[in-house]
Structures are given as C-alpha cells and as structure tokens.
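Protein chains: 2
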Amino acid sequence: MANKPSIPKGTRDFSPEEMVRRNYIFDTIRSVFKKYGYQPIETPAMELTQTLMGKYGEEGDRLIFRILNSGNYLQELNDANFPFRTQIYNLDNRTLRFFSDSISEKALRYDLTVPFARYVVMHQNEITFPFKRYQIQPVWRGDRPAKGRYREFFQCDADVIGSNSLINEIELVQMIDEVFTALGVSVKIHYSNRKVIQAIAEVLDYPHRMIEIAVAIDKLDKIGIEGVNKELRENNFAEDSIEKLQMIMDPSKRTPESIAAFLSGSAIGKKGLEEVSYLSTNSKLMGIAEEKLFFDVSLARGLNYYTGTIFEVKVNDSRSTFTSSICGGGRYDDLTGIFGLPNLSGVGISFGADRIYDVLNELNLYPESVTAGTRLLFANFGGEDEMHSLKLLKQVREKGIAAEIYPDNVKMGKQFTYADKKKIPFVAIIGENERTSGKIMLKNMQSGEQQAVSFEELIGKIG
Amino acid sequence: MANKPSIPKGTRDFSPEEMVRRNYIFDTIRSVFKKYGYQPIETPAMELTQTLMGKYGEEGDRLIFRILNSGNYLQELNDANFPFRTQIYNLDNRTLRFFSDSISEKALRYDLTVPFARYVVMHQNEITFPFKRYQIQPVWRGDRPAKGRYREFFQCDADVIGSNSLINEIELVQMIDEVFTALGVSVKIHYSNRKVIQAIAEVLDYPHRMIEIAVAIDKLDKIGIEGVNKELRENNFAEDSIEKLQMIMDPSKRTPESIAAFLSGSAIGKKGLEEVSYLSTNSKLMGIAEEKLFFDVSLARGLNYYTGTIFEVKVNDSRSTFTSSICGGGRYDDLTGIFGLPNLSGVGISFGADRIYDVLNELNLYPESVTAGTRLLFANFGGEDEMHSLKLLKQVREKGIAAEIYPDNVKMGKQFTYADKKKIPFVAIIGENERTSGKIMLKNMQSGEQQAVSFEELIGKIG
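Respectively, the protein sequence lines represent chains C and G.
Numbering-wise (numbering that gives the first Met the number 0), the first sequence opens with residue 0 and increments by one.
Numbering-wise (numbering that gives the first Met the number 0), the second sequence opens with residue 0 and increments by one.
Possibly wrong hints are sitting among the right ones.
[What the hints assert, rightly or not] The calculated label-pair distances, taken between Cβ atoms and stated as ranges, are:
hint, chain 1, residue 1, chain 2, residue 2, range
1, G, Ile224, C, Lys410, 29 to 39 Å
2, C, Asn408, G, Phe25, 50 to 60 Å
3, C, Thr94, G, Glu58, 45 to 55 Å
4, G, Gly70, C, Lys3, 42 to 52 Å
5, G, Asn92, C, Thr94, 25 to 35 Å
6, C, Asn408, G, Phe293, 21 to 31 Å
7, C, Arg143, G, Ser5, 44 to 54 Å
8, C, Lys269, G, Gly430, 50 to 60 Å
9, C, Ala181, G, Asp419, 45 to 55 Å
10, C, Gly459, G, Gly336, 41 to 51 Å
[Stated by the list, open to error] Simulated crosslink set (BS3-like; lysine-lysine; CA at most 30 Å straight-line):
hint, chain 1, residue 1, chain 2, residue 2
11, C, Lys393, C, Lys33
12, G, Lys291, C, Lys33
13, C, Lys398, G, Lys420
14, C, Lys291, G, Lys420
15, C, Lys398, G, Lys187
16, G, Lys420, C, Lys393
17, G, Lys270, C, Lys410
18, G, Lys33, C, Lys410
Because the hints were derived from the structure by calculation, they are not lab data.
Ideal Cβ placement from N, Cα and C applies to all residues, glycine included.
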C-alpha cells in the first residue's frame, strides 16, 4: 500500500491556516447564538436509517450515506431479501432498497433538523420549553461534488421550539444581521410567509397545490416570468389562474397595496400579511436597516414542512460570484409530529458555514488577528542554551502566551524559516552572552530588528 | 413512522448541560495545545477504505464502520465477487471481505493517527516541519458498547512529526500535567521506552519476539507475575528466559541499578535507559513533581508502531473507579512509511475526552463557572411592555451579555420556572410602572430579592 494516498471525493482536509479561518466563522456564529440565549446540543453522526428515510423526499433518500452493518452481515440475509444473481444486472429500486435495508441499519445524518426533531421527542421530559437550541456539526450528502457543494459540510442551526410568538422571528433576523455584520459580509435577508403562498394558491383556485405553485415561483430568478408560466401550463394550471399570478411575479407591478388587494378575500392571506407586516415593522424598531430586509413573494423554499415565515439570505456584494443562499430557515408547525409529538411549533435558521467560508475567502474578509498563533519561538543552540531556553519558555507560557522552542539544534536559517512560515512574530535567541547577562536577544521577524531585553520587557513586547 | 424514536447503540445525544461540561474539557485541552505551539487540522469523517484497512490489526479491521457506495452499488457486482446464494449461509471471511470491498469504498475514521499520517504524506509539500499539529474530532468503532466504551467518541491528539529531539517528549509530559492540573484530576503518568523492551527481549534471547513479550508484560496489572509466566510458557518461551524476567516484573526487587545491570550488555538497552533518564531528569527540571511521573517497565502499549518513549496516564484518586488509561501516546519512527514517506520520526499523545468526561462526572470536578449561560431573562407581559423589554434586551446584548426574553405572554410562574430550569440568575420585569419611571425591576433568582434599578445598575449587577 504505497499508493499515493487520497481522500473521498467531495471531502476536504483543513490545514492550520484554514482551520483558523473556519474557527473564526464558527466562533462568530456561536457567540451570537449564545448571546440570544440559545444552548448547544450535539447528536450522533449516525442515526438509525428509519429516522432519516422518507424525510427528505425521494431524491434526499438516495443521497443519504448508509453504513454497512458490522460483523457477518450477509448471514442475516435469506432467500427473500437476497437478490438473484441474474437480478443484479437489472435491479429495480424496490429490490435495491430492500437489500440495502437488510445489510444496513444506520446512516450518516443528512441535516441537523430531523435529528433535532428526533432529539426533542426522545428527551421531551427533560427539556424546558420553549427550547432554544443551537447545533454546529457536520452533515453528509452523496451529492455530485461541485463548486461550493461538498459531501461533508457543516451546518450551524439555531431553532426555538414550543413557542408561537413572532418575537422569535424578529430575534432570528437580528441574529442573522449580527452574524453577517460581525463577519463583514453585506447581505440581503429575503423573507416571505407560507401563509401568503397558501393564499395565492387559494386565489388561483388551487388551494391544494400550494407546494407546486411555490416550487414554480421559486424558479423566477433562474427562468423568468415566462419560464414560470410555461411550467404552470405544462402542469395543467388553468390559463386564467396563471393570468392572475402575473402581478405577483412582476416587481414593477406589485406593491404592498396590490398584494393586499389580491389576497383580501383569503383569511389565511390576511393572517400571512399581518405576520409579514409585524416582522417588517418590529425588525426596523430593533435597528435592522430597511434595505437589508426584503419581503420577497417569489421566495418559496423547497422543504414541505414550513408553515409560516421563511428566510433566505444572499450575499449583497457585487464583487462576489455567490448567488446561492448562505443562510435560510423558517417556521414549521409540526416537525416533531413525524416522531409522535404533534402540535409543537418551532422556527429556526441554518447558517451554511462552508459557503460562508468560501465567500469570506473570495472577498478576503478575514481580519488580521485571525492568524494569531504562536507568539514567540525560542531558537535552539543545544546544550546549556537549550535548557536555559526551556526554563524561560516555561515562564512565558505561565503568562498564558503561546510559545515554543525549535526542538532540534539545527542551522539558524532553518529555524528562522520555520518561524517565518508559521507566522511567529518574535524569535528569542539565547546564547552564552544572554545566559550570563540574564538578557534575551529578541528578534522581530517583521522588521528584522534585534534587541537585548529583560524577561519583563519580553513579555511586554510579545504579549 | 410514529414508533418511539431511538439512536444507534453505543452512541449518545448531548444535552445543553452535558455540552457545557464537554466543551470545558475540550477548551482546556485545546488551550494547552495552543500554548505549546500546536496548530489545528481537521480531516474528513470518511476515509477511503484502503487508507484504514490493515493498519489496526485484524480485530481493528473488523471494527471499522464501512459506508455503502452510493447509487445502485449492486450493479457493479459481477459473477466473480457476488457470493452464491448457497454461500451466504456459510460465508468465510475472505469472501465477506471481498464482497464488502465491492460494495463499499469508504469508511469512518477509526482513530486520528492514521488519518494524520495520510494527511502528512498528502500535504508534505505545504507543511513546515517539524509539524506540530493537534486534532480534536470524533472517531467511530464497532466495539461492543460497555461502561466507558462508546461507538462514537472524541479523541484529542497532539503530535509533532519530523523531529527526533527528546524535548518533544518533555513538552508532552508538561502538557499532560498542565491539562490534568487545570481539570483538577490527580493523575500518574506511567512511561517506558520501547528500546528498553526490545533490550529485554534481547537479554531473554528472543530479539524478534519483542511485541509478544510486551503484550504479556502489559497484562501484569490484571493477571499478576504468575499469570505472565504462564502465558510465556504457553507461548513456548524457554524456562531460563522466563526466570530472567522475574526481577523486571517484581517491583520489590527491581531498582534503577538492577535494571541497568540487567540491560548492560545491550546497546539498544543502554540507549533506551539514557532516554528514560533524560526524560526523568528534565521533566523534574521543568517542574513536574517526582511522584507524578513513574518509570514503569511493565508498560508496553498495544500498538506496533511505537519505537521509543511510551506514555499512559491513569487517574490517581482513590475515589475514582476508573482504572483504564485516560491519555496515552509515544514515539514512532516510521508512521508515514505505510503511505510512502519513510523515515519521519514523530511523537504524540491522545487524550480520551469521553473517559475524562466520565471521570470528571464521577468525581464532580466541574467548577461553578462551567454552567454559565444566559445571564438575564426579560419577563413577557405582551403589548407595549414587550416592545419596551425588547429594546432594553437589545442594549443588554450590545454589552456582550447573553440575555433573552420569554417569547410568549404567559403566566409569571411559568416564566420563572423557565429561568430556574435554565439556571438564569436574573429576571427583569417591565410593567407600566417601570416604563414610566425608566427603572427595571430586577429579581435575583437565587436570593429571591427584587429591586428597582437603572439600566447602568442592571449591567453592573448581571455583567
């Protein structure tokens, strides 16, 4: 096995430089979550297959990574679930699924939402509701890898479950604003409300086809008004219904008033617009700039379980090539129902840490301080100099300062190169002179300046 | 699917209370790693199966969790690798392995050491050597779950690779001491040296059976001297060789002098004892108390790749029931050789975070401050009181203080219970009086005391 080693496609190693940048993003998000009273939980990477299957649609099911049972898993097969040799060349999905279920009962989590719902149901008796939890963990999807799409990536979720109050939505908007302000990314928060979309479906005379209408409208950005009309026609929506929809899709025609008039006959539409208005008014009161928050009736979100406000955050910076959303979420009224605990309303957001990382890299938005690591390297001359350096090093660390000694007595050039590459700003040089004088020769790696200093002066300079 | 949800055996959910305790452990370890100049990396949860297989012995191979290939993985089977229907009832290991390799090319990482070796070889041109890296990530093993043994658990590894210097070993001892001192756990650091064990094998006239001898000696704690003798006899070691070993195993007979005399004829033994002595002397100079560091010739460590110093850390507290090691490591001279980069010496330690967590729970060693979460809850009376509270809440958070508002206007008792359960120390009560007077009624949840305070006084009290 002296083949060149590699890693599975769609996965990544993170070097120290990358880790420091990623941790900066995680720390920023985490500190906002905490400041708003959200508490951390973690769930296992592996869930039982039955917990995940059927929750993400047919496409999602296919993208879930399944784990082979341990031991001699084939022994548990029998004539009923073991496909015929001739069958495997022409296998239907049902047989494949049946076989997979027989040899695999665990799978890697696909998102943090379903494990969270499972967690809430399992631990309902220990939880204090309303439960404000955050969770920052990797998820895995067997998607085709592409720019910004990985098979292992991190989600950073905050949800509050067990409260109907729209205060939660306002706070989520504040949190989104605070995270991206702290990261220096200019964003636009698009929001809408599933009740409004439901009302549109009613006005169009298709109250039971809300999701289809939402999915079509959601493509406006990509395929334009004509494209949406075409899709609706292909799906056999009546011509006069499609005609009614035009005002909603055309930003030049729609106004708050025209939308209100359009939905005036629908009770759920009225409720939806009230929620939209409440969120808009109070977010402004909480200091969210008007141009950051954008009521976007064309926003739909793919997932079925949303029932109220929905969010999607996009980069608002002409220098960025990122058009997909970097954060999203919404309110769901019955997420835990699938696990047997109905009627618990919740609302949450998920930050896509890996896309945010790509955006920050693209726009080079990391502050200087983010590279902070070791502050001081002791050069190594071996023998007594080494022992003297080790003792001083111990005292430096006792001050809480990250410091190290070059472990081997090699040429100075090599030791300086090490400091340089590791971006260590200072090197301490201890030779016989320094040992007898009690001073430390301190080299500033940026300026190249060298200076004999006392221990206290050293701490003052590097601390 | 309204079955009671559950999780795979051997895995765990972590509640907010547990997360805070776990993060305290991770943060403590991480801060020591950083202070010693170690830098973080992360590797994917999934590695290619060929990267992992054959690195952990036959038993290890069996415990690796394998991931089923995506898509219609059976289609890639053919007559050669698809077992006969009749075969599956009586399957040999080779056929099973062959079949598994055909339907699974990825696996979950089993430890952090092999992925680290793979990382170093893959990224050798970007790395500045000596490379001091730390890595804190979960690993997965299909072990039978038991007390202190999980199928998903965290390792916290620090390794330096590309340096032969024993300074690294001294620093690792300092790091172990610093971590456990910070956590308040009294420990004993057992150490030995594989060169010494190699020399013992030579003196016993079995220079090529070092590992077998090491494995037998390693069981001293469990089976006693007679047990070890018996095992060696069963393995056909000669009686006079076993006789020679008695002094080494008997703490009442062995002294530094008798061990030195025993190994005096072995060049590698002399080298090993020099290393032992260097580590002992210099660790003391670095302030490690003599009783903490214990040269233990009966320490062997199971893994093949160690070639020099080996460590194992055990709890030294009579109140604890934990006898297994909570940290271990050692020097290896050729870990990256398996991936095609030979002759790179390294040394490292691994903290078993989950066992440390269990020990801290058992001995109740968490400081008070570890529970710190939300500092202040605004009670919710709805309407204008609510809006006034939201504005004050915003100002509290702007001071960097974690605070929240109860999202719904429900009975005060319920709101206080929420604060109580979430261990929030203060509740702010804003009614009409407070709105007009500009004061805040602040309740101390511990003492029950209530007091009208200004905003500045509030910050002073809760900050």
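Each hint, compared with the structure:
no.	hint	verdict
1	G/Ile224 - C/Lys410: 29 to 39 Å	51 Å, violated
2	C/Asn408 - G/Phe25: 50 to 60 Å	35 Å, violated
3	C/Thr94 - G/Glu58: 45 to 55 Å	34 Å, violated
4	G/Gly70 - C/Lys3: 42 to 52 Å	26 Å, violated
5	G/Asn92 - C/Thr94: 25 to 35 Å	27 Å, holds
6	C/Asn408 - G/Phe293: 21 to 31 Å	29 Å, holds
7	C/Arg143 - G/Ser5: 44 to 54 Å	32 Å, violated
8	C/Lys269 - G/Gly430: 50 to 60 Å	32 Å, violated
9	C/Ala181 - G/Asp419: 45 to 55 Å	32 Å, violated
10	C/Gly459 - G/Gly336: 41 to 51 Å	46 Å, holds
11	C/Lys393 - C/Lys33	34 Å, violated
12	G/Lys291 - C/Lys33	39 Å, violated
13	C/Lys398 - G/Lys420	38 Å, violated
14	C/Lys291 - G/Lys420	36 Å, violated
15	C/Lys398 - G/Lys187	26 Å, holds
16	G/Lys420 - C/Lys393	43 Å, violated
17	G/Lys270 - C/Lys410	26 Å, holds
18	G/Lys33 - C/Lys410	25 Å, holds
In the structure shown, a violation is registered for the earlier hints numbered 1, 2, 3, 4, 7, 8, 9, 11, 12, 13, 14 and 16, in ascending order.
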